[in-house]
Amino acid sequence: MAVRTDRLQSPRQRKTIDRLARWLTRTHGADPGWDALVLDVLSVGRDLRLQVREVRGGTTSCHPVDAAGRRGAPQRLVRALQDDYADLVDGSWLSATLLVTVSERRWDRPGVELVLNYTDEPRLPAHAPHPVAAEDWRRHLLRYRRMDRRIPGWLRQRLTEAGLEVPER
Numbered sequence: 001m002a003v004r005t006d007r008l009q010s011p012r013q014r015k016t017i018d019r020l021a022r023w024l025t026r027t028h029g030a031d032p033g034w035d036a037l038v039l040d041v042l043s044v045g046r047d048l049r050l051q052v053r054e055v056r057g058g059t060t061s062c063h064p065v066d067a068a069g070r071r072g073a074p075q076r077l078v079r080a081l082q083d084d085y086a087d088l089v090d091g092s093w094l095s096a097t098l099l100v101t102v103s104e105r106r107w108d109r110p111g112v113e114l115v116l117n118y119t120d121e122p123r124l125p126a127h128a129p130h131p132v133a134a135e136d137w138r139r140h141l142l143r144y145r146r147m148d149r150r151i152p153g154w155l156r157q158r159l160t161e162a163g164l165e166v167p168e169r
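So in the numbering used here, spot 72 of the sequence shown is number 72, and the numbers just go up one at a time.
Simulated from the structure, these hints should not be mistaken for lab results. Incorrect hints may appear among the rest.
Stated by the list, open to error - Straight-line C-alpha distance at most 16 Å; calculated EDC-like pairs for lysine to aspartate or glutamate:
1. 15 - 120
2. 15 - 90
3. 15 - 83
Said to hold, decoys possible - Here are the simulated distance ranges between beta carbons:
4. 18 - 162: 18 to 28 Å
5. 163 - 18: 36 to 46 Å
6. 76 - 9: 14 to 24 Å
For each residue, glycine too, the CB sits at the ideal point set by N, CA and C.
Input sequences plus hints: build the corresponding full structure.
Next comes the structure, spelled out in structure tokens:
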């Protein structure tokens, strides 16, 4: 279930989304001519992976973002956004995509959209060296508790196969 956040934003969420979009355009959109900048986020437990895709004409290039420094702006903003979207039924999102577009728009007013994934198994960024560890999936479910019926079958299976208990509400 991907959720487009157009209707769901609180003022605090909107501010965090805008700050993340500004960071993205400042750090990865310096060379004019791009049509879209896309920030792919996988945030599960302690595992945080970020990737920027730049769309320019008909080509897309991928750039990894160093997520090792936990105090960096994108890491703080991503974690804050994940906390802001957490609730007692669905937990919080597993992956997110932030799209900043300028096609058919003026450069000073780009379009910004955030798409959140709560249930589908996230795709790893192109540069990801290994899959997400089962313990990180478990940490995510411990921090962002979900109703039992809201835990995806694939996630439940991953934890069970690793011999881990599935945290439920």
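Q | Broken hints, by number | A | 1, 2, 4
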